[in-house]
Amino acid sequence: MRWMEESDDSIRRAILSGDKEAYKVLMARYTQIVFRVAYRITGNESDAEEAVQEVFLRGYQSLATFQGRSSMATWFYRIAANCALEVVGKRRPEAQSRIAEENDPERSEIQLADIQAGPERLLLSREIEATQQAAMSELTPTERTAFVLRHMEDRTTEEIAAALNIAPNAAKQAVFRAVQKLRRQLAPLWVNT
Amino acid sequence: MKHLEEAELVEHYYEESANMGECERHLKACPMCARQYAELCRVLDGVAKPTPPARREDYVEQVWQSIGASLPVYEKPKSSWMRFYRPLGWAAACVLLVAVAFVAGRRWERKQTSSVAVAVDPQARQRVLIVVLGDHLDRSEQLLVQLNHANGNDVSALPLRSEARELLASNRLVRQSAMQDGDLNVEASLDHLERLLMELANEPDKLTEADLNRLRHEMNTDGLLFDIRVLRSWVHSPGPEQQSARQATKGVPI
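Protein chains in written order, with this note's numbering: chain A, 1 to 193; chain B, 194 to 447.
Rather than coming from a laboratory, the hints here were simulated on the basis of the structure. As the structure is a prediction and not an experimental result, all values here were calculated from the model. Heads up, some of the hints might be wrong.
[What the hints assert, rightly or not] Calculated lysine-lysine pairs in the PhoX-like style (CA-CA distance at most 25 Å, straight line):
#1 A:Lys20 <-> B:Lys242
#2 B:Lys269 <-> A:Lys24
#3 B:Lys221 <-> B:Lys195
#4 A:Lys90 <-> A:Lys181
#5 B:Lys195 <-> A:Lys90
#6 B:Lys242 <-> A:Lys181
Kindly produce the complete structure, drawing on both the sequences and the hints.
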């Protein structure tokens with residue numbers, strides 16, 4: 001594709017000049033990041049895919065308002081966090097509890113189990129994983145998103161605040177509340193090991 | 194010793210604490226906080242960072258297929274010379290508009306001024322009023338003379354009533370005009386005349402000698418005739434002297 005070597009900004013200008021197809025290049029560049037963030041926040045593949053579509057739709061619609069104060073990667077990152085947050089917010093309570101079910105096919109994608117480990121260790125690992133999923137589903141969408149961005153994406157408090165459009169102190173509090181809840185749920189597991 | 198709070202431990206874990214060194218020292222010195230921190234680390238270290246499933250190679254194309262149709266094509270921006278000249282065009286249009294408004298305003302003003310000048314010129318108005326007033330006073334004097342000299346036999350042959358009705362209408366207009374001009378003498382005489390004309394206009398067809406005498410007496414027709422004659426003489430010779438005399442006697446009953 002002829003735009004592959006071009007900078008984000010020249011691609012953006014091309015899109016705004018009427019070259020709609022050039023947007024595919026931006027999508028190709030940022031799909032991995034967007035999908036990863038969406039997946040970690042939503043906790044499942046189908047919700048993440050829904051969020052990815054929404055991210056690129058919104059991204060295209062607001063491309064004219066992008067002012068280049070942050071990188072395009074950060075810009076897409078923020079949209080991804082917001083869209084994933086909305087998807088989590090829309091999710092029904094029964095869908096949330098489904099994540100933690102034993103036979104959830106998506107669970108196999110996010111296991112921590114060591115393949116070389118024995119059956120007992122594997123079983124324990126699965127139990128821990130299931131409890132973690134359940135604990136995560138107990139968090140509010142904002143707490144969950146803030147925690148994912150802090151713990152899994154290594155974002156600073158300021159970056160989390162900017163992504164969620166909240167004050168830095170509110171972002172810090174959201175992370176703290178998430179940690180508190182997770183600690184309450186998960187601490188017993190570690191006491192027994 | 195002040196123990197670290199849970200929020201401080203979390204901040205320390207994520208290396209966002211404002212005083213990392215102090216926290217570190219406290220954790221080394223305080224076994225209770227160190228135990229709590231170790232527990233927190235164990236829990237948070239154990240929280241998995243899920244690795245997203247790999248995407249198919251055509252995933253981007255797949256997303257494009259699902260959203261591409263709903264994305265509008267952005268309009269190509271106008272060329273740079275258009276962007277440069279557009280403000281100038283607007284400025285020129287504004288200047289032209291102001292110029293047209295100015296010329297139109299001047300013309301309209303000139304037209305208005307001439308018509309207004311005719312309408313409000315007090316001297317012209319005064320001249321018209323004097324002509325009308327002079328004619329009205331002539332006719333009123335004739336009527337009063339006829340009224341004063343009529344007797345019971347020939348009074349029915351005189352057209353007093355019809356003449357009084359005609360004069361009544363014109364007298365009202367002239368009196369109102371005099372009132373607007375602030376000419377109190379003229380207005381007072383015309384008001385007197387109007388009362389007489391009204392009486393005459395409403396009298397029965399056949400006036401008797403007694404009716405005439407009553408009118409002459411009640412309405413003081415002799416005095417009224419004198420006033421009318423004075424006014425008439427003044428109106429028919431409005432020289433500078435009369436004008437100044439008129440100014441001097443303004444407000445004084447005749």
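We went through each hint and held it up to the structure:
no., hint, result
1, A:Lys20 <-> B:Lys242, "violated (36 Å)"
2, B:Lys269 <-> A:Lys24, "holds (18 Å)"
3, B:Lys221 <-> B:Lys195, "holds (14 Å)"
4, A:Lys90 <-> A:Lys181, "holds (21 Å)"
5, B:Lys195 <-> A:Lys90, "violated (43 Å)"
6, B:Lys242 <-> A:Lys181, "holds (17 Å)"
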